[in-house]
Amino acid sequence: MAKSQLPDALLVDKYIAGDENALAILINRHQSKIYGYIYSKVSDRDVTEDIFQETFFKVIHTLKTKKYYNEEGKFLSWVLRIASNLIIDKFRNDKKMPLNRDTDELLIFSRITDNSPNIEKSLIKEQIEIDLKNIIEELPHDQKEVIMMRYFLDMSFKEIADFTGVSVNTSLGRMRYAITNLRKVIEKNKIYLPS
Amino acid sequence: MAKLYSKRKLATKKMLPKKETIRLILQYSCALNIIKVGNMNFESIAN
Numbered sequence: 001m002a003k004s005q006l007p008d009a010l011l012v013d014k015y016i017a018g019d020e021n022a023l024a025i026l027i028n029r030h031q032s033k034i035y036g037y038i039y040s041k042v043s044d045r046d047v048t049e050d051i052f053q054e055t056f057f058k059v060i061h062t063l064k065t066k067k068y069y070n071e072e073g074k075f076l077s078w079v080l081r082i083a084s085n086l087i088i089d090k091f092r093n094d095k096k097m098p099l100n101r102d103t104d105e106l107l108i109f110s111r112i113t114d115n116s117p118n119i120e121k122s123l124i125k126e127q128i129e130i131d132l133k134n135i136i137e138e139l140p141h142d143q144k145e146v147i148m149m150r151y152f153l154d155m156s157f158k159e160i161a162d163f164t165g166v167s168v169n170t171s172l173g174r175m176r177y178a179i180t181n182l183r184k185v186i187e188k189n190k191i192y193l194p195s
Numbered sequence: 196m197a198k199l200y201s202k203r204k205l206a207t208k209k210m211l212p213k214k215e216t217i218r219l220i221l222q223y224s225c226a227l228n229i230i231k232v233g234n235m236n237f238e239s240i241a242n
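Respectively, the protein sequence lines represent chains A and B. Quick note, the first sequence lines up with residues 1 to 195 if you use our numbering. Quick note, the second sequence lines up with residues 196 to 242 if you use our numbering.
If we strip away everything but chain A, and leave its shape as in the complex, we get:
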C-alpha cells in the first residue's frame, strides 16, 4: 500500500519510529480541516496560522516524547482538541470572548461562492447570510457546533462524533434538532430564505 494511503494510526507509528515523511503526509491529509476549524473560531488568518503552527508543535512534541494518545485511529480529533485548547488559551490571554462575528473582517459565509453575481442576487445573498448567521448563533452550543462542522468545515459525522466525544447517532440527533430548531425560528419570525 502506498504510504499516502496508510491509516493515520500507522503513519503516527512510523513517525514515532523516525519517519519524518509520515508527518508530512498526516499534515497534508488533515491541514484543511484543522486550519478551517481554527479559522472558524478566530476569524483571523494570521492568528489561524499561529495556532495551526503551535498545534503541530505540540503534536510533534507529544509524539516525540512517546506520550501519544491511546485512541487509535483518532488522530484528527486529537489534533482538533489540541487546537481547541490553544484557541481557548489565546482568548483567555487576550481576555476576549470568541465568536463575536458582527464586526469580523471575513465571515465564514463569504466562502460560499456565487457563480452568477448581480446586485440583486448579491443583496439577497448578503441578507440570507446575515439572517442565517443570526439564527445559527441562537442554537444551543452542541447543535451549533455540529452545524458548523458539517456544513462549513465539511467534516463527516464520524469525525464530528470523534471530536465532540459522542456517538455518531448523537451527532445525527443533534443535527436533526438543529435543523428542526432552525425551521422553527424561521417560521416563528417569518424569515424568508429563498434557495
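Note that these hints are calculated values from the structure, not bench results. One should not assume that every hint holds.
Looking from chain A toward chain B, a few residues come up when the C-beta cut is under 10 Å (computed) [what the hints assert, rightly or not]:
| # | residue |
| --- | --- |
| 1 | Ala24 |
| 2 | Ile27 |
| 3 | Gln31 |
| 4 | Ile34 |
| 5 | Tyr35 |
| 6 | Gly36 |
| 7 | Arg45 |
| 8 | Glu49 |
| 9 | Gln53 |
| 10 | Phe56 |
| 11 | Val59 |
| 12 | Ile60 |
| 13 | Thr65 |
| 14 | Lys66 |
No residue lacks a Cβ here, since even glycine has one placed at the ideal position from N, Cα and C.
Given chain A's structure and the hints, the job is docking chain B onto it.
Relative to the frame of chain A, chain B by itself:
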C-alpha cells in the same frame, strides 16, 4: 440519515495554511530531538 444532511456542501473552498508554515513545522520536527533519561526528557534543537 447522514445522507439527508449531506446534500449541499457549503464548504466549497478549502482553506489551507501557508506553505511557509508547513515548511516551518516540518523543519521543527526534523530539528527537535528528545532523549529520555529515566523520568526526565532532554530536548535539543539542531540548527
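Okay, the hints, checked on the actual structure:
no., hint, in the structure
1, Ala24, "6 Å, holds"
2, Ile27, "6 Å, holds"
3, Gln31, "6 Å, holds"
4, Ile34, "8 Å, holds"
5, Tyr35, "5 Å, holds"
6, Gly36, "5 Å, holds"
7, Arg45, "9 Å, holds"
8, Glu49, "5 Å, holds"
9, Gln53, "5 Å, holds"
10, Phe56, "4 Å, holds"
11, Val59, "9 Å, holds"
12, Ile60, "5 Å, holds"
13, Thr65, "5 Å, holds"
14, Lys66, "7 Å, holds"
Checked against the numbered hints above, the structure violates none of them.
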